[in-house]
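Which chain is which? The protein sequence lines are E and S, in order. Residue numbering for the first sequence follows my numbering, starting at 1 and increasing by one per position. Residue numbering for the second sequence follows my numbering, starting at 1001 and increasing by one per position.
Keep in mind that the hints were calculated from the coordinates and are not lab data. Predicted model only: the values in this text are computed from it and were never measured. Even for Gly, the Cβ is constructed at its ideal location relative to N, Cα and C. Any given hint could be a false lead.
Not the full set, but computed from the structure, chain E residues with beta-carbon under 7 Å of chain S [as the list claims (entries may be wrong)]:
#, residue
1, Met45
2, Ile49
3, Gly106
4, Lys110
5, Leu112
Capping the alpha-carbon separation at 30 Å, the derived lysine-lysine pairs in BS3-like fashion look like this [claimed, not checked]:
#, chain 1, residue 1, chain 2, residue 2
6, E, Lys100, S, Lys1022
7, E, Lys100, S, Lys1067
8, S, Lys1009, E, Lys70
9, S, Lys1044, E, Lys55
10, E, Lys100, E, Lys73
11, E, Lys55, S, Lys1067
12, S, Lys1009, S, Lys1041
13, E, Lys73, S, Lys1067
14, S, Lys1036, S, Lys1067
15, S, Lys1044, S, Lys1009
16, S, Lys1044, E, Lys73
17, E, Lys73, S, Lys1040
18, S, Lys1067, S, Lys1022
Some chain S residues well away from chain E (every beta-carbon gap over 12 Å; in silico) [to be verified]:
#, residue
19, Gly1016
20, Ser1048
21, Glu1058
22, Asn1062
23, Phe1064
24, Leu1083
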Amino acid sequence: AQTVTQSQPEMSVQEAETVTLSCTYDTSESDYYLFWYKQPPSRQMILVIRQEAYKQQNATENRFSVNFQKAAKSFSLKISDSQLGDAAMYFCAIARGTYKYIFGTGTRLKVLA
Amino acid sequence: DTAVSQTPKYLVTQMGNDKSIKCEQNLGHDTMYWYKQDSKKFLKIMFSYNNKELIINETVPNRFSPKSPDKAHLNLHINSLELGDSAVYFCASSQGAGVGIFGSGTQLSVL
């Protein structure tokens, strides 16, 4: 069975600073995908970044980047130059093949002005 | 154009009633899902369909019945609603293990 663990229920960051959200996962598969989703107060689930497990290079998307450590089964999200609009719940998720995404319990990110 | 649209956005109803939530995607994806997000924000898969065929049913009570008339639609019918069914229900779609695109959610409140 696949599991995803987010050990930080809540994080705070000062505007313009950098913050890292942690995620660890467990899977017996060698081929899978990892995702970070953002859920602002509007409730919409928005994809932030995606990583294919077979790729060694860490994915980046503008101010968002990941640190993917396959052997350690770790997939952290770094947000640089934090903005007020980054305040949201962030969910880490794993998917293998198709049909099922497993989500972590989420990290609430507060951005302080 | 909304990629994954679900209706209604809010649903308030009495215990014991039957209700439906509709979902449509215009992305040409082959897989659609229903997720339940509880009051603690935990997201759990309920069902997934691939090309109209039920692939995953995650021990959901049989009061919940999904129906996929075609690849672009996945509806959720709930019979005999209970207080514990109150949650946000998300529809999503993907192409294979690609990016899951979510609808805006339906907030169900059972009184």
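Structure-based check of each hint:
1. Met45: This interface hint holds because 4 Å falls under the 7 Å limit.
2. Ile49: 10 Å, violated
3. Gly106: With Cβ-Cβ at 5 Å, under 7 Å, it holds.
4. Lys110: 15 Å, violated
5. Leu112: 21 Å, violated
6. E:Lys100 / S:Lys1022: It holds: about 20 Å lies between the C-alpha atoms, which stays within 30 Å.
7. E:Lys100 / S:Lys1067: 18 Å, holds
8. S:Lys1009 / E:Lys70: 39 Å, violated
9. S:Lys1044 / E:Lys55: Holds, at roughly 27 Å.
10. E:Lys100 / E:Lys73: 19 Å, holds
11. E:Lys55 / S:Lys1067: Roughly 37 Å separates the two Cα atoms, so the pair is violated.
12. S:Lys1009 / S:Lys1041: Cα-Cα ~17 Å, so holds.
13. E:Lys73 / S:Lys1067: It is violated: about 36 Å lies between the C-alpha atoms, which goes past 30 Å.
14. S:Lys1036 / S:Lys1067: Given that 30 Å is the threshold and the Cα spacing comes to 16 Å, the pair holds.
15. S:Lys1044 / S:Lys1009: 19 Å, holds
16. S:Lys1044 / E:Lys73: 21 Å, holds
17. E:Lys73 / S:Lys1040: Given that 30 Å is the threshold and the Cα spacing comes to 25 Å, the pair holds.
18. S:Lys1067 / S:Lys1022: 10 Å, holds
19. Gly1016: Holds, because the least Cβ-Cβ distance between Gly1016 (chain S) and chain E comes to about 27 Å, which exceeds 12 Å.
20. Ser1048: 5 Å, violated
21. Glu1058: Non-interface label on Glu1058 (chain S) violated, nearest chain E Cβ at 8 Å vs cutoff 12 Å.
22. Asn1062: 20 Å, holds
23. Phe1064: 17 Å, holds
24. Leu1083: The claim stands: Leu1083 (chain S) keeps its Cβ more than 12 Å from every Cβ of chain E (closest is about 21 Å).
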